Amino acid sequence: MELKPLRNYKGVKYPTLKEYFTKKPLKKAARAIALTGALAALASLMGCFSGA
Amino acid sequence: MEMILHLTHDCQLSCTYCYSGKRREGRMSWEVAQHAIDLFFTQPWSSEGNYPEICFFGGEPLLEWELIKKCIEYAESKRASLNKQFLLSITTNGLALDEKKAAYLQAKDCEIVLSFDGVQASQDAARPFRNGSSSFLETKRVLKLLLQVISNPTVCTVVSPENVEYLPASIDFLLDEGVKRLILNPNFFTTWDEEHRNLWREGYEHAAMKLEESYRKGIALNIKLFTAKIITYLKGGYDPTDCCMFGLNEIAVAPSGLIYPCQRMVGEDSEELGVLGNVFDGIDIDASNVIANCREVTSPECRECDISRRCRNWCSCVNYSLSGDFNRPGGLICFHEQMVVTLADQVASRLFKEKNKTFMETFYSEKHIAPEWI
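Taken in sequence, the protein lines are chains A and B. Numbering (this note's numbering) for the first sequence: 1 to 52. Numbering (this note's numbering) for the second sequence: 53 to 426.
One chain only, chain A, in its complex shape:
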């Protein structure tokens, strides 16, 4: 049998450990930012109501 290199292999659909553990905190941060934004919006909405 001959040597046949595998090219353009796209069989991997899971992250490396580095990707997994570096992306995770980013996701957490993104969630935190989104949550802060949502709370700010809620607070401003509540302010509107309380001011009304």
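Partner residues aside, some chain B positions facing chain A, computed with beta carbon under 10 Å:
hint, residue
1, I282
2, G288
3, A400
4, S401
5, Y416
Quick caveat, the hints were computed from the structure, so don't treat them as lab data. Because the structure is a prediction, the values reported are computed rather than measured. Beta carbons are placed, not taken as given, at the ideal position from N, Cα and C, and that holds for glycine.
Since chain A is already given, all that's left is putting chain B on it; use the hints.
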């Protein structure tokens, strides 16, 4: 670093794929064993998680039970005086194993690897007694004993053209018996025609399916062939310490005391190829330099291949047997490694997508991945 001690050439079996030589009378003396262990403790020492290992091998090492005990006790005394941790393992057909010996090895933290090819048809095709009779029932008894005495024995199943048709049945049988650590060890030292390569693929597809099924049942099954490929992707390829590095991370000591770069090269211990030195004078620098040139893979095809860092193209003795060149793998390696990587990635991709709890805990833990998984 792993030092493999070929305690004897003798064995009760006559396996079709045996590479340990036909010489039956050669056994290691205590003098050779003691010098080998002394040499082991002079080698560069690795840290926690990857301790150096003494592996008892043969022939059938349990035929030299008293020598094994003497070696373990001597190595333990060296550990105490030098404060160096090490691992122990034994690869055995198990036929001389009883409860007392199993308990002793367990107490000494010696990993027991049982060579067992699975269902009776498979075992009979490849691992008969020397008189031709079946070793299946005896080996099955040993497996049951090991499952009772030690928590998680490793079974090594050789996959060879003569038994590959039984591979799916053998995997089912071993998993049903309770095996959770399975090494599928392909025999590259023979000819695989197309029909047998197709059976090989079917067998591996079945093994991959059983692996996936296990994780869905919450069992972290270790079929090393696949788990190693998942781990090599997770960490970006084989590390140098994962590979035998042909005489660097692994050396094999023959009963005569000669040192070879790989256990497969001990054979008849006829000094034809690759002797690195002997246990009395140590490793010869010139021989070691010659062997060092055999380690680097030089095939242009490998450089162009997307999975070269996850490929076992570093196994110099398999390369030599397939291509006649230590630095160049044969096409059978391409066939095998591409098949295994593809199947492993299919399983891992699906389990990751599902965020399978057992899979995530096993492979995406921030804890160190134990070396036995690769």
